[in-house]
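Colleague: My request is simple: use the sequences and hints to build the entire structure.
If you read the sequences in order, they're chains G and P. Take the first sequence: its position 61, counted from the start at 1, is 61 in the working numbering, and no numbers get skipped. One rule links them: number in the working numbering = place in the second sequence (from 1) + 317.
Heads up, some of the hints might be wrong.
Subject to a maximum C-alpha distance of 30 Å in a straight line, what follows is the list of computed DSSO-like cross-link-like pairs (lysine-lysine) [as the list claims (entries may be wrong)]:
(1) P:K645 to G:K52
(2) P:K800 to P:K481
(3) P:K593 to P:K511
(4) P:K544 to P:K854
(5) P:K737 to G:K52
(6) G:K59 to P:K737
(7) P:K511 to G:K52
Think of the hints as simulated: they come from the structure by calculation, not from any bench.
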Amino acid sequence: MLVYVLKRLLYALPIALSVTVISFMLVYLAPGDPLNAIAPADAPVEVIEALKIAYGLDKPVPVQYALWVWRALHGDLGTSIASGRAVLTEVMGAVSNTFMLATIASIIGVCVGCVLGSLAGYQRGTWIDKIATTLSVIGVSIPHYWLGLVLTIVFSITLGWLPAMGAGPGGSSEWAWDIEHIRFLVLPAVTLCVIPMGIITRTVRALVAEMLEQEFVIALRARGLSNKTLFMHIAKNTAPTVLAVTGLQIGYLMGGSILVETVFAWPGTGFLLNTAIFQRDIPLLQGTLLVLCMIFVVLNLLVDIVQPLIDPRMGRV
Amino acid sequence: MSSILKKMPSWLVTLPLSLCLQTGLKAETVARYGISMADIPLTTGQPDRGAGAYQFTGHTIYDPLIAWEANIGTRPGKLVPGLATAWKVDPKDNKKWLFTIRKGVKFHDGSDLKASAIVWNLDKVLDDKSPQFDAKQSAQVRPRIPSIANYRVVDDYTVEITTKSVDALFPYQLPWFLIGSPAQWERLGKDWSKVATQPSGTGPFKLDKLVPRERADLIKNATYWDKTRIAKTDRIVLVPIPDAMTRANALLNGQVDIIESPPPDVLPQLKSSGFKLVTNVTPHVWPYHFSTYPGSPWADIRVRKAANLAIDRNAIVKLLNGLATPAKGQLDSTSPWFGKPTFKIGYDLPAAKALMAQAGYSPSNPVKAKIIIAQGGTGQMLSLPMNEFIQQSLAEIGIQLEFEVVELENLYLHWRSGAKADMNSGKGITGINLGYVTADPFYALTRFVDSHYTAPNGVNWGGYNNPKMDTTLDTLRSNFDTKVQDALLAEVHQTMVDDALMLWVVHDVNPHSLSPKVQEFVQAQHWFQDLTTIRMK
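Modeller: So, in structure tokens, the structure goes:
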């Protein structure tokens with residue numbers, strides 16, 4: 001197992017490095033100027049030149065990249081050009097906010113998806129299956145931005161039950177797990193959960209339906225096993241795939257949804273990325289992408305580690 | 318003693334007691350303000366994020382030497398004393414200005430304001446060898462105070478500033494330059510990132526709390542030196558909400574009390590729900606800035622004038638749900654610098670067609686032009702629908718527009734580079750659509766018409782070069798009589814309009830929507846607003 005984990009860790013390194021190279025290049029290929037984040041639109045040439053020197057942007061791009069990687073290896077992701085704050089502090093604050101949101105959205109999405117998928121798989125062709133399939137298709141295809149706005153109009157403005165935006169009455173720095181704060185999580189989490197819910201519903205439905213056709217299930221039925229025991233067998237056999245899909249979905253959610261976080265002014269990674277992209281804030285963009293990439297890699301690593309524990313056959317591959 | 322108390326009527330004891338308690342426990346008044354920015358602007362002294370940010374973390378925490386009167390909404394403001402009680406030009410050398418510093422003013426940290434603090438702040442943004450130099454603050458303010466050559470302390474309460482050349486309009490640059498506390502910077506280990514969370518100015522508010530990207534709490538400075546501008550609200554909470562619809566939702570939901578720039582589509586709902594809409598004349602214009610270089614179709618004044626006569630501006634105002642006013646020039650017609658242009662801008666299709674015919678064009682034989690526009694962003698209003706409207710309108714008179722659509726940040730790069738730069742001329746771009754702040758003589762007029770400011774030396778984007786205009790500007794800069802200055806500025810504007818330097822479309826009205834809980838908010842005719850005027854019920 002240790003060799004397996006080490007191998008997976010080694011795979012993660014080139015992935016992380018590739019992400020930094022590609023994102024660095026993409027930022028430079030995009031039109032615009034990182035100094036727009038700091039200089040007023042009408043800043044004269046001498047001010048721009050002075051800023052380039054002050055922020056090291058006068059150096060060749062490969063040199064800038066190498067310096068950044070060197071600092072990152074020492075735990076320093078630099079300073080945001082736009083805000084002047086440490087990138088690591090900015091990113092970790094946003095990551096913790098998105099983590100909170102993504103965890104709740106994942107729990108809702110996975111639970112609802114598993115229930116709907118199992119029901120649909122067991123009741124193939126019935127109205128239950130049709131409703132579950134319709135919900136999953138809606139979940140995957142509905143525009144988040146629109147759903148967020150509709151939910152806000154209904155639950156915040158018309159009914160006045162829930163807040164329309166923000167991460168708590170005093171901001172995310174004063175977050176507490178009480179009703180007053182959890183109310184702020186409900187709408188963005190529900191909006192964000194619909195995609196994993198849709199994907200997991202479809203995955204579970206297909207797996208359960210396929211499993212029910214398997215010979216071992218017919219054999220178990222022939223032996224007179226109860227439906228409950230039969231379900232446990234099916235659940236255990238579908239779990240590795242569901243786990244893999246769930247891991248990917250949590251990874252996507254950790255990247256934050258730019259649209260959902262913007263609609264709800266949720267100070268997470270999506271909101272941060274949006275700001276960094278529009279301001280061409282390269283250190284912030286780089287730092288955020290690197291941290292997100294590492295989270296994604298770690299999540300997949302965890303899934304890879306847990307999968308063989310559930311299904312020993314995978315450990316032998 | 319206790320027997321005496323027992324004999325007293327109970328109300329005689331409880332009434333004074335309850336009155337005392339009520340006075341002591343009077344609830345703090347709080348105004349929550351949903352701002353359109355993605356983050357709280359820089360709090361160290363010179364705000365970033367443009368002119369609109371000064372009202373939030375600029376003129377709230379800090380004061381300038383010369384301030385802009387922003388607590389009046391019924392007329393354009395004017396320059397008023399700030400931390401300088403008086404200023405005058407040296408009669409022997411018109412490049413030298415003497416500022417008398419206000420006595421008895423203290424920074425929020427308790428240190429005294431003296432002339433040395435002013436020079437320290439000038440070094441902070443202009444002298445990159447000084448220990449307090451901050452590149453980020455410098456970048457914000459250096460373009461706004463271009464005239465300063467050098468400066469010195471004359472005595473504890475007098476500062477001398479020398480300009481690069483004689484510049485009678487220099488005082489207009491100073492509301493942009495804000496004064497922070499040197500003592501606080503020293504106390505916080507000379508660390509600007511620490512100053513950002515514990516800034517110290519002399520302004521009417523103190524920063525109580527800063528959560529980046531989420532909120533900034535400004536609390537009333539009860540000992541503010543200007544007793545006429547003591548804040549009417551105890552605490553103002555700034556909440557960045559960049560999405561316009563989210564801002565409106567937050568207001569409707571009661572999470573904020575004031576928002577800026579409500580989306581036009583939501584106005585009917587806001588009004589029907591009892592929210593107030595406040596607008597005012599605002600120094601902003603939404604134009605097409607033309608290239609007048611040879612080869613540009615706009616080099617022909619007849620084409621420029623025809624374009625100005627072909628737009629039904631009232632229809633655009635309707636498109637914006639009333640959140641704009643039709644432009645008749647670079648400035649609003651109520652401005653003291655509007656003058657009396659002979660070219661009357663309005664909607665006159667036959668006259669526009671006649672001018673185009675004189676220039677040799679018609680709808681069947683159109684002239685082609687490429688305009689670079691942003692897909693949206695600060696100051697750009699409803700960029701795409703408005704540009705499409707203009708495209709259709711100009712097609713009617715024989716101007717066939719093609720758009721190069723870019724992000725606003727990228728548009729700025731094209732703007733700074735000028736029409737002659739390869740990134741513009743190489744692509745056939747002969748016009749740029751960018752919302753302009755027109756708050757003072759430099760921002761409104763001189764930077765666009767002075768041939769010395771031809772891009773990339775400035776933002777005379779299209780290379781306008783009129784020797785008569787340059788002479789007027791020279792006269793203006795050497796005349797210290799404000800009445801003569803106003804007359805000369807009106808002359809500059811008149812010439813701009815008569816030369817149809819741009820296609821002027823509409824002026825923004827800087828809309829704000831207020832909850833019924835807001836009792837008072839004076840919206841100045843400026844991007845600088847005075848948040849001390851906010852009074853809550």
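Colleague: Each of the hints needs a verdict: does it hold here or not?
Modeller: Right, here's what the structure says about each hint:
| no. | hint | in the structure |
| --- | --- | --- |
| 1 | P:K645 to G:K52 | violated (40 Å) |
| 2 | P:K800 to P:K481 | holds (24 Å) |
| 3 | P:K593 to P:K511 | violated (39 Å) |
| 4 | P:K544 to P:K854 | holds (21 Å) |
| 5 | P:K737 to G:K52 | holds (23 Å) |
| 6 | G:K59 to P:K737 | holds (27 Å) |
| 7 | P:K511 to G:K52 | holds (24 Å) |
Consistency note: the structure conflicts with the earlier hints numbered 1, 3.
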